[in-house]
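A.B. asks: On the provided structure of chain R, position chain Y as indicated by the hints.
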Amino acid sequence: MSAYSVTEPTPRAKWAAGILVALYALITMIPLLWIIATGFKSPADAISYPPKVVFDPTLEGYVNLFTTRTRQTDEFLAANPPETWYEEIVRQYDMVIVGPSRYGERFMNSIIIGFGSTFLSVFLGTLAAYAFSRFKIPLKDDLLFFVLSTRMMPPIAVAIPIFLMFRSLGLSDTHAGMILLYTAVNLSLAVWLLKGFMDEIPREYEEAALIDGYTRFQAFYKVVLPQATTGIVATAIFCLIFAWNEYAFAVLLTSGNAQTAPPFIPTIIGVGGQDWPAVAAGATLFLLPVLVFTVLLRKHLLRGITFGAVRK
Amino acid sequence: MANLAESAARATPPSVARRVRGLSDRAIAWIFVAPTIFLLLAVNIFPLIWTIRLSFTNFRANRNREVEWVGLRNYERILTDSDIWLTMQATAHFLIWTIVFQVLIGFTLAWLINKNFRGNDFLTTMIVLPMMLSPAVVGNFWTFLYQPQIGLFNYIVSFFTGVDPSSFEMIGSVNLAPWAIVIVDTWMWTPFVMLICLAGLRSIPEYIYEAAEIDRASKWRQFWTITIPMVLPFLMLAVLFRGIENFKMFDLVVLLTGGGPGSTTELTSINLKREAFEKWRTGYASAYAIILFVTVFGLASIYVKALNKVKER
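These protein sequence lines map, in sequence, to chains R and Y.
Using this note's numbering, read the first sequence as starting at 1 and increasing by one per residue.
Using this note's numbering, read the second sequence as starting at 1 and increasing by one per residue.
Chain R on its own, in the form it takes in the complex:
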């Protein structure tokens, strides 16, 4: 800025502000860095005192996360030497791998339910948002408020009748049931966000297309949809993150078959309590996609978390 500005802080004020914010950022990152670090520690290093910042990294946590193991007799161990690097890691404790753990399944469930519900809520949300943005609909404001108010119920309160409903419809502990439920929960977010994005697309584009002989439907998907791509992608990522992180419904309505990763990770048990390196490894793999998405989304973050109320 070349012109004199009264709001431009002095260089010294900028420095001080920068240092304070950097300090806060550092503190706030410690728990996250600790999760990642613990994933690469041995169980002994993970619970040592004082807490170890420098340690020999090992993949034990990751091996334990993906396998189930059992203790074996010395004769058996001597007769069957380890063949792979991960078997070798387990042998330190006189154990052998007997099969995969359920983490892979749970992770897949998170992916299926997450993407399924995201696709549905964005698809339905786009249609509804376009209608709300462009047409006169009787009781429009009331309908929009109704869409939002469904978010005010505590999830546990909603879960009581949903539990009964799913039980009688045979949807308990199924992927279809969870996709449907997450779609309904995410729809309010999708409609509100997408309506905001569509409101920003000038009507003139469609009107020009209509004059050129497009039908309304063609104008919608050949003119408006391409313009709304950024908004649709941002909305989809928000829906995906919500479904990915959701815990309350997942823990109450799923168990063996359709359980997602969040209720599963805290149940990873080792010898004598939680196997912290394995928990941390599971958490790292589970949180990583969200961290990447958050960085990609940073321009739209504010809009997403406020349902489009604040647009910057």
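Think of the hints as simulated: they come from the structure by calculation, not from any bench.
Treat the numbers as computed from the prediction; the structure is a model and nothing was measured.
For every residue, glycine included, the Cβ atom is placed at its ideal position computed from N, Cα and C.
Don't take every hint at face value.
Just a sample of chain R residues kept apart from chain Y, beta carbon distances all over 10 Å, derived [said to hold, decoys possible]:
(1) D74
(2) F76
(3) A78
(4) P82
(5) Y86
(6) M95
(7) V98
(8) F135
(9) E200
(10) P202
(11) G256
(12) N257
(13) V279
(14) T306
Straight-line alpha carbon distances no greater than 20 Å define the calculated EDC-like cross-link-like pairs of lysine to aspartate or glutamate that follow [to be verified]:
(15) R:K299 with Y:D81
(16) Y:K219 with R:E8
(17) R:K14 with Y:E76
(18) R:K14 with Y:D121
(19) Y:K115 with R:E8
C.D. replies: Only chain Y this time, still in chain R's reference frame:
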């Protein structure tokens, strides 16, 4: 343009084109909105009505016995139950202190970031990371950080204060547990308040400050008479969101403390879960759920009215 229309017409399968050409805007509007409304009715409103119905019965979802109508007895019992008032107190403690800390820290951070020092974008992205993560997974890991003796949190506290790290338990002690959940929630959600405040600060037009400068208003005065009032609607919106979210709080706290020790951190959602899915008092829990819903809805409506008044000013 005509060219464009032609190529568009070619690209459209004739069957689709024929089917939709006749549709009026009105028909399209309804076709587009109907699935959403239908799904929300099926998954939100129908269950709500069912909950209201159940709340007048003594139904238990794990038993197959005759269901009786009990009228308002469930409501009466809840409102006179002293345990539930304790739960409400725990919720109020959590709600008030998380909002106080998040507003103070969040606003300060936004104010500092708004100095536009170099690298502020990068630091902002780092700061917002915790709020996007799974509260269940993160909450579970915090129990590790809070372990006495080996936990990183206790170690850092003892490093700076000299208190023996095994002398206090953040989760296990009646006095500290309510603060343990406040700390984790503040860590996670301060960035939310910060982002909204930042948007507020950046929306203040510079000419207002220029006018104040010409009037020789001090920086201190400018802060209280321009910055704060202009950011207030944004701040209030942030508080509304955090208030509703934390009133519904379940995942983070249930994995941190499970409501304990005793019932010191048993927030309403956790209490409700116990009644509905552990004691299986479905009818009673339904009445409880309705009371909670009415409370949130009522408080939020009053708050939104106040917010609109501030905005008009």
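A.B. asks: Would you mind marking each hint as holding or not holding in the structure?
C.D. replies: Hints versus structure:
{"no.": "1", "hint": "D74", "result": "holds, 32 Å"}
{"no.": "2", "hint": "F76", "result": "holds, 34 Å"}
{"no.": "3", "hint": "A78", "result": "holds, 35 Å"}
{"no.": "4", "hint": "P82", "result": "holds, 30 Å"}
{"no.": "5", "hint": "Y86", "result": "holds, 24 Å"}
{"no.": "6", "hint": "M95", "result": "holds, 23 Å"}
{"no.": "7", "hint": "V98", "result": "holds, 26 Å"}
{"no.": "8", "hint": "F135", "result": "violated, 4 Å"}
{"no.": "9", "hint": "E200", "result": "holds, 16 Å"}
{"no.": "10", "hint": "P202", "result": "holds, 16 Å"}
{"no.": "11", "hint": "G256", "result": "holds, 17 Å"}
{"no.": "12", "hint": "N257", "result": "holds, 18 Å"}
{"no.": "13", "hint": "V279", "result": "violated, 7 Å"}
{"no.": "14", "hint": "T306", "result": "violated, 7 Å"}
{"no.": "15", "hint": "R:K299 with Y:D81", "result": "violated, 48 Å"}
{"no.": "16", "hint": "Y:K219 with R:E8", "result": "holds, 12 Å"}
{"no.": "17", "hint": "R:K14 with Y:E76", "result": "violated, 59 Å"}
{"no.": "18", "hint": "R:K14 with Y:D121", "result": "holds, 14 Å"}
{"no.": "19", "hint": "Y:K115 with R:E8", "result": "holds, 7 Å"}
Comparing the model with each numbered hint stated earlier shows that hints 8, 13, 14, 15 and 17 do not hold.
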